[in-house]
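Residue numbers (numbering that gives the first Met the number 0), protein chains in the order written: chain A, 0 to 87; chain B, 0 to 105; chain C, 0 to 154.
Source of the hints: derived by calculation from the structure; they are not laboratory data. Hints should not be assumed to be uniformly reliable.
Claimed, not checked - Computed beta-carbon distance windows for the label pairs: (1) A:Ala50 with C:Phe66: 41 to 49 Å; (2) C:His19 with A:Ala50: 36 to 44 Å; (3) A:Ala17 with C:Phe66: 29 to 37 Å; (4) A:Ala72 with C:Val29: 28 to 36 Å; (5) B:Gly9 with C:Leu12: 28 to 36 Å; (6) C:Pro56 with B:Leu7: 44 to 52 Å; (7) C:Pro56 with A:Ala72: 31 to 39 Å; (8) A:Leu64 with C:Leu44: 36 to 44 Å; (9) B:Phe76 with C:Val29: 40 to 48 Å; (10) C:Leu70 with A:Leu16: 41 to 49 Å.
In this text, a Cβ means the ideal position worked out from N, Cα and C, and glycines have one as well.
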Amino acid sequence: MFLAALTACAVSALLVLARIILGKTTFDRVLAVNSLGTIIVIGIALHGFYANRPEFLDIAIVYALINFIGTVAILKLFSTGSLKGNNK
Amino acid sequence: MDLFIDLLTGLCFFLGSLCIIIGACGLIKLPDVFSRIHAAGMIDTGGTAFFILGMIIQSGWSLITVKLLLIGIFIFFTSPVTSHVTANLAREKGIVPVGKKIGKLL
Amino acid sequence: MKPLILFVILVCLWLLMSGHYTFLIISLGVLSCAFCVYLANRAKLIDDEGLPLFFLPRLLGYLMWLFKEILISNLNTAKAIISNNIKPETFTVKASQITDVAKVTYANSITLTPGTVTTKIKNNTFEVHALNTDFGNDVRSNEMDKKVKLLEGER
């Protein structure tokens, strides 16, 4: 059962990866990277259950945090050209 | 009782897999950035909600349940923020959405 | 009062996440939580926006309604993607909330239901992008706006 769910995660991760390669604009790629991160968080938690090692859930929490911060940081860098301060 | 729990988990995983695969297909198929955000939102809300519900049913009451709930709450609060930031920046950089426009836009 | 509530929330989070219940680890956790609350208090981060306590009494009912709405619109979005019924439209709606926290809650709720996204905000006007006309009519009927207005309470 967990193996089937992991397979579904892998298939949709491949589809999202195709969008990252095809994407016309930067925003398409950033959006697809964020979705890929969400799928990977689910995959890490599922693998923790499949291998009977619940420590993987901590890694999933940290991955979700870093996914959010990374997406916002890339968009800010793309918007203002630098990461410092709140200069518009 | 064990069989019942397994069946319920399997149903949740089936619905969640359907959600993320349809969302990924939509991400490939839809015409522009603003429409693709809807497909990404489907992965973020429907997929995670069903998978985490399934894992909570499987794990029973323990510290694992709390950690799973924390992952769910965190994705629930951050997913609209990333969607809105992406859409807002795309509008500010001058990408005009395809389709009908009603009234005067901002 | 508010720093105390933040301190209790942080200590609960520490106890849930750590899993080791010895005297040394718990005392280290309490010390670091107190230091965090001191820093947040000194930076004046603890106000109505950082810790919106006036939401709490009616929040549970709203969240139940929001989950039901997310489930329904997930189904509708899946149907629209499969049957290729895609006619995107962009329009503006007025928000009737007063405080900033309530406006953010309304905009986030619109974005969280798949099929509608808030793309721009200026003062009281939101610009919304919808996947097809049904989703647009859902937002234009102002049902969610009234629920969030109720959540805000008397002002």
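Evaluate the given range 31 to 39 Å for the C-beta pair formed by C:Pro56 and A:Ala72.
-> holds, 36 Å
Pairwise beta carbon distance, A:Ala17 to C:Phe66, judged against the given window 29 to 37 Å = holds, 31 Å
Beta-carbon spacing of A:Ala50 to C:Phe66 - inside the hinted bounds 41 to 49 Å or not = Because 31 Å falls outside the window, the suggested range is violated.
Outcome for the supplied range 44 to 52 Å, where the beta carbon pair is C:Pro56 and B:Leu7 | violated, 33 Å
Between B:Gly9 and C:Leu12, does the C-beta distance stay in 28 to 36 Å?
-> holds, 32 Å
Can you let me know if the beta-carbon spacing of C:His19 and A:Ala50 is within 36 to 44 Å?
-> The hinted range 36 to 44 Å is violated for C:His19 and A:Ala50, with Cβ atoms some 23 Å apart.
Supplied distance hint 28 to 36 Å, evaluated on CB atoms of A:Ala72 and C:Val29 | holds, 32 Å
Is it true that A:Leu64 and C:Leu44 lie within 36 to 44 Å of each other by Cβ?
-> Taking Cβ atoms as reference, A:Leu64 and C:Leu44 lie about 19 Å apart, which means the hint is violated.
Just tell me: holds or violated, for the beta carbon distance of B:Phe76 and C:Val29 against 40 to 48 Å?
-> violated, 26 Å
Outcome for the supplied range 41 to 49 Å, where the beta carbon pair is C:Leu70 and A:Leu16 | At roughly 28 Å between Cβ atoms, A:Leu16 and C:Leu70 fall outside 41 to 49 Å, so the hint is violated.
Figure legend: structure checked against the earlier numbered hints; hints not met, in rising order: 1, 2, 6, 8, 9, 10.
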